[in-house]
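Grab the two chains, each in its own frame, and use the hints to assemble them into the complex.
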Amino acid sequence: MTMSQTKETITPAASASFESAVSARNISKNYGDVEALRNMSLEFPRGQLTSLLGPSGCGKTTLLKIIAGLLKPTSGEVEVNGKKVTGPGPDRAFVFQDFALLPWATVLRNVAFGLEMRGVATSEREARAEKYIKEVGLAGFENAYPHELSGGMRQRVGLARALAVDAQVLLMDEPFSAVDEQTRRKFQEDLLQLVQNENKTFIFVTHSIEEAVYVSDQIAILLPRPSRVSEIIRPSSFRNKGVDNIRRDPEYLDIVDEIWASLRTYVE
Amino acid sequence: MTVFGYRLPGMSSLLLWGLLWEIVGQAGVTFFVPPLSEVLGTLFEILGTAAFQKALFETAYAFFAGVFFAIVIGIPTGILMGKSRLLDELLLPWVNVFLSAPLTALVPVLMVLFGFGMKSIIITTTLFAIWIIILNSRAGVRQINRSLVEMAHSFGASPTDAFFKIYFWAALPEILGGVRIGIIRAVKGVIIGQLLISIVGFGALFELYSANFLMGHFWAVLIVLFALAFTISEFLAYLERRVSYYAAKR
Chain F
1 MTMSQTKETI TPAASASFES AVSARNISKN YGDVEALRNM SLEFPRGQLT SLLGPSGCGK
61 TTLLKIIAGL LKPTSGEVEV NGKKVTGPGP DRAFVFQDFA LLPWATVLRN VAFGLEMRGV
121 ATSEREARAE KYIKEVGLAG FENAYPHELS GGMRQRVGLA RALAVDAQVL LMDEPFSAVD
181 EQTRRKFQED LLQLVQNENK TFIFVTHSIE EAVYVSDQIA ILLPRPSRVS EIIRPSSFRN
241 KGVDNIRRDP EYLDIVDEIW ASLRTYVE
Chain S
1001 MTVFGYRLPG MSSLLLWGLL WEIVGQAGVT FFVPPLSEVL GTLFEILGTA AFQKALFETA
1061 YAFFAGVFFA IVIGIPTGIL MGKSRLLDEL LLPWVNVFLS APLTALVPVL MVLFGFGMKS
1121 IIITTTLFAI WIIILNSRAG VRQINRSLVE MAHSFGASPT DAFFKIYFWA ALPEILGGVR
1181 IGIIRAVKGV IIGQLLISIV GFGALFELYS ANFLMGHFWA VLIVLFALAF TISEFLAYLE
1241 RRVSYYAAKR
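As given, the protein sequences belong to chains F and S, one line each in that order.
Sequential numbering from 1 applies to the first sequence in our numbering.
Sequential numbering from 1001 applies to the second sequence in our numbering.
If we strip away everything but chain S, and leave its shape as in the complex, we get (with noise of 0.2 Å):
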């Protein structure tokens, strides 16, 4: 965008929302929002506090296990359902059901199941981020130019080969698209299982922060938690951008 001849750099608007924010924390309206400048100095403050650090240790280790599971579980099975009818007649109704689902609902009974533990956590993100990759990694399949398929097969590509050298790279687009908004799923996911699940991580300072009314704390773990979700949603779609020249043209 350019205002006044100049070209503002991305995420400009950010200021200006950040501008909004202290002058309502300045003017003290409510307790809930303090200044902007009091949030990140307190932001700073905890940064090197071992309780933080050992919150997002734990934060992280359940987010990038869940995660894991949901992409090497997630892309073979869309890419599977995309290139056979019957897996996809099977699983296609459970897939859509569980995008909707309220997940939120399901945590409980997956503590009955699996336990309070961090294993209940890492299969609460992995619910939440991998249905959204099956269907991506799915369609991504099912818009393969069929005359792509049968160049392998008349070349005599055998069924491994197809997968990994045909189907994966023809869906690619399509799959790191659904790979990242399910991570942007798995962070939701990671707090609600630290919260309902057992406190611990991110979810326990945001508890703990909330109950005591430290705002200025509150909101600092939360702008921690959106700069990582953000930092690791633009690098997917970095890769994104790395892939599309092609996307168009297959």
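The shape of chain F in the complex, shown without the other chains (with noise of 0.2 Å):
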């Protein structure tokens, strides 16, 4: 495990003694008799990107619903800011694997869907849809339907929904497993900046340890049977980098190395 040194010089807002945002304290979580998750306990730091990387079959995914308020735990407990989750709540917003748009509203409806769900009249949560599609880079496209888009591009409207409700802590559930390679590429990149721009919380689901290095600030390796943290590994040196020079590091080649040797034997 290595402890961030050059934090500060990155992310200063979030590098005061790593105050967490979301506690998972003793998650447990059986399915009748299966046990998806046992007296799991996990911190994930303010304004960071905490991965979550395992195996399938390691509760990941079942971690973040939890922690969306989706799932009731078995046992334990999830705070976000201090505060008991008890479901879902406007601190959190959730982008999906599948990208669950409404297929028969438009782009900007969709961008709106989380404001219109909260009471925001109909002017104001439009506006504020707009300014977001506008950042996720999908001008032009509000009055388009989902199925007239890209899969890269209906990830970008599950995004904007999740931004536009300006929730601190965004849950991605593997968002990029569903578009294509060089998409992916870019949503990692952009995702690095969003990172840096807006003070939020991110969690972060996925399967790919090469995208979990590239985007982390703190990765939580997963491990089945019994469902449990192994390991939390924090990379310290190549965030400042740049993104052109990150996949070439020697520190992210270790780390991807080192990971790929704790899961190997995990996978059939």
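You may find that some hints are simply not true.
Stated by the list, open to error - Below, in silico cross-link-like pairs of lysine to any residue (SDA-like), each with a Cα-Cα straight-line distance of 20 Å or less:
id: 1; chain 1: S; residue 1: K1165; chain 2: F; residue 2: S123
id: 2; chain 1: S; residue 1: K1165; chain 2: F; residue 2: E126
id: 3; chain 1: S; residue 1: K1083; chain 2: S; residue 2: R1146
id: 4; chain 1: S; residue 1: K1165; chain 2: F; residue 2: K186
id: 5; chain 1: F; residue 1: K72; chain 2: S; residue 2: P1159
id: 6; chain 1: F; residue 1: K65; chain 2: S; residue 2: H1153
id: 7; chain 1: S; residue 1: K1165; chain 2: S; residue 2: I1144
id: 8; chain 1: S; residue 1: K1165; chain 2: F; residue 2: V120
id: 9; chain 1: S; residue 1: K1165; chain 2: F; residue 2: P88
id: 10; chain 1: S; residue 1: K1165; chain 2: F; residue 2: A121
id: 11; chain 1: F; residue 1: K134; chain 2: F; residue 2: K186
id: 12; chain 1: F; residue 1: K65; chain 2: S; residue 2: S1158
id: 13; chain 1: S; residue 1: K1165; chain 2: S; residue 2: I1181
id: 14; chain 1: F; residue 1: K72; chain 2: S; residue 2: S1158
id: 15; chain 1: F; residue 1: K72; chain 2: S; residue 2: H1153
id: 16; chain 1: S; residue 1: K1165; chain 2: F; residue 2: N143
id: 17; chain 1: S; residue 1: K1165; chain 2: F; residue 2: T122
id: 18; chain 1: F; residue 1: K186; chain 2: F; residue 2: Q168
id: 19; chain 1: S; residue 1: K1165; chain 2: F; residue 2: S208
id: 20; chain 1: F; residue 1: K65; chain 2: S; residue 2: N1145
id: 21; chain 1: S; residue 1: K1165; chain 2: F; residue 2: A105
id: 22; chain 1: F; residue 1: K65; chain 2: S; residue 2: K1119
id: 23; chain 1: F; residue 1: K200; chain 2: F; residue 2: G82
As the list claims (entries may be wrong) - Here are some of the chain F residues that sit facing chain S, going by a computed Cβ distance under 10 Å:
id: 24; residue: A105
id: 25; residue: R161
id: 26; residue: I209
id: 27; residue: Y252
Simulated from the structure, these hints should not be mistaken for lab results.
Beta carbons are placed, not taken as given, at the ideal position from N, Cα and C, and that holds for glycine.
Right, here's the structure in full:
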């Protein structure tokens, strides 16, 4: 495990002794006889991106949905900004693997959906939606329908919808797994920008080792049977070297190899 | 379809069948089938008569009232059944029984319960239409993408919001399909009701014309009925095409 020393120079706001935005404490989740999570605890530093990485069946999506309040843990609790999670709340927004867009609604209405559910007046929510549509690079597509967009553009809509509600915590469930390789790389670069610019806490589920190391301030390696956090890795040196240099940084390559070495035995 | 390089307009086959009808009618094979030209002549003759217009009004009233109740009761029931396991377990057997039951046999029971008037005819119409509307709405809800439901939940949608903004729209293609088939069944329902319960409307005309062997009149009314049912059904098919852009991508 490597502790960050250079973090101060990168994200000064988040450096103050790694204050937790989200804490998961002793979470267990059973589906009947199947134990999905057992006594799992994890801290998520404010303003940073934490990846949950692990082989399939390790319970990473389950943990994310428990944090979102979409699933109830069998025991244990989640705190967001010191408040116990009892269900979905305005402090968290979710980005879905399959985008989960309303196919009968325009991009504008999809992005404004979270605000609509909060009872924000039409003109105000459309103005805010338009702002975030521009921010994710979809200006001009406000009145398009999801089926007219490519997979990558659809996920940008999903991202804009999550950003528009201005939640402090963004929960992303394998958000780039359903888009093509080149789009995914662009997404990863944009995500780094987003983490720097928005003062939000990101929790990011992925099954790609390279993706996790590329985008994360902190990587939690989850192992299955029983599900547990086996390791927490904090890359230290390559985050400030620019998006183009990360993939050939020695530390980046070392961490990728190290993670693969520990996950290898769990992959059939 | 194209024949010899010409694109035929829709329903061209009707011309062919109409021609066959005319030939059989002219040949005088049976009194039951008068020539189509004679039937059409009769049709325009009776369209203006007070008796026909009264029958049309009575039938349309019972039909639209019956369909209205079938829709406003059927769609919410179907959606709730699709959402709630408990309601589904409770109601599904009954829905399936009534869908396949010979409803005509139930009409005398309705007469005992609700009398011989318009009320019983409307209820008969509703009973013919409602079951397929319920089943289709239920099917539409059950195929809904789970992550849409989770999405609505995660953004804080209330149950009412979820019902009107997610479930209804997600199930709309199936709902419209159900309403279209339900309306076709309602046409049967309203005529059967008018024949069996009280002899009014088109039912009365059918009764009158067939009893007096006025086959030209009989067929003329049948054509009017077919045209009305066809128009409504095509309108719903048009609505279905309007939502088909997302039906395949939910």
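Results for each hint:
1. Only pairs whose Cα atoms come within 20 Å are accepted, and K1165 of chain S paired with S123 of chain F is accepted, the gap being roughly 19 Å.
2. Taken as a hint, the K1165 of chain S and E126 of chain F pair is honoured in the structure, with Cα atoms around 17 Å apart against an allowance of 20 Å.
3. The hinted pair formed by K1083 of chain S and R1146 of chain S meets the criterion: a straight-line CA distance of about 11 Å does not exceed 20 Å.
4. Between K1165 of chain S and K186 of chain F the alpha-carbon distance is near 33 Å, which puts this suggested pair outside the 20 Å criterion.
5. The hinted pair formed by K72 of chain F and P1159 of chain S meets the criterion: a straight-line CA distance of about 18 Å does not exceed 20 Å.
6. Proximity of K65 of chain F to H1153 of chain S is assessed by CA-CA distance (about 12 Å); at most 20 Å being required, the pair is judged to hold.
7. With a CA separation close to 13 Å, the supplied pair K1165 of chain S and I1144 of chain S stays within the 20 Å bound.
8. Between K1165 of chain S and V120 of chain F, the direct Cα distance comes to roughly 16 Å. Compliance with the 20 Å bound is thereby established for this hinted pair.
9. A C-alpha spacing of about 18 Å is found between K1165 of chain S and P88 of chain F, which places the hinted pair at or below 20 Å, so the restraint holds.
10. For the hint linking K1165 of chain S to A121 of chain F, the alpha-carbon distance of about 16 Å falls within 20 Å, and the restraint holds.
11. The hinted pair formed by K134 of chain F and K186 of chain F meets the criterion: a straight-line CA distance of about 16 Å does not exceed 20 Å.
12. Pair hint K65 of chain F plus S1158 of chain S holds up; C-alpha atoms about 19 Å apart against a cutoff of 20 Å.
13. Of the pairs offered as hints, the one joining K1165 of chain S and I1181 of chain S is violated, with about 25 Å between alpha carbons and a cut-off of 20 Å exceeded.
14. Between K72 of chain F and S1158 of chain S, the direct Cα distance comes to roughly 18 Å. Compliance with the 20 Å bound is thereby established for this hinted pair.
15. Between K72 of chain F and H1153 of chain S, the direct Cα distance comes to roughly 13 Å. Compliance with the 20 Å bound is thereby established for this hinted pair.
16. Pair hint K1165 of chain S plus N143 of chain F holds up; C-alpha atoms about 18 Å apart against a cutoff of 20 Å.
17. Distance restraint check for K1165 of chain S and T122 of chain F: the Cα-Cα separation of roughly 15 Å lies within the 20 Å cut-off, and the hinted pair is therefore satisfied.
18. A C-alpha spacing of about 23 Å is found between K186 of chain F and Q168 of chain F, which places the hinted pair above 20 Å, so the restraint is violated.
19. Distance check on the hinted pair: K1165 of chain S and S208 of chain F sit about 35 Å apart at the alpha-carbon level, beyond 20 Å; violated.
20. For the hint pairing K65 of chain F with N1145 of chain S, the CA-to-CA distance comes to about 17 Å; that is within 20 Å, so the pair holds.
21. The suggested pairing of K1165 of chain S with A105 of chain F holds, with an alpha-carbon distance near 10 Å, which does not exceed 20 Å.
22. Restraint check for K65 of chain F and K1119 of chain S: not satisfied, since their Cα atoms lie roughly 52 Å apart, outside the 20 Å limit.
23. A threshold of 20 Å between alpha carbons decides the hint, and for K200 of chain F with G82 of chain F the separation of about 16 Å falls inside it, so the pair holds.
24. About 8 Å separates the beta-carbon of A105 of chain F from the nearest beta-carbon of chain S, less than 10 Å, and the hint is met.
25. Hint on R161 of chain F holds. Least Cβ distance to chain S is approximately 8 Å, under the 10 Å limit.
26. Taken as an interface hint, I209 of chain F does not check out: its beta carbon lies about 25 Å from the nearest beta carbon of chain S, beyond 10 Å.
27. The beta carbon of Y252 of chain F is not positioned within 10 Å of any beta carbon in chain S (closest approach about 32 Å), and the interface hint is therefore violated.
Hint violations for this structure: numbers 4, 13, 18, 19, 22, 26, 27, all remaining hints satisfied.
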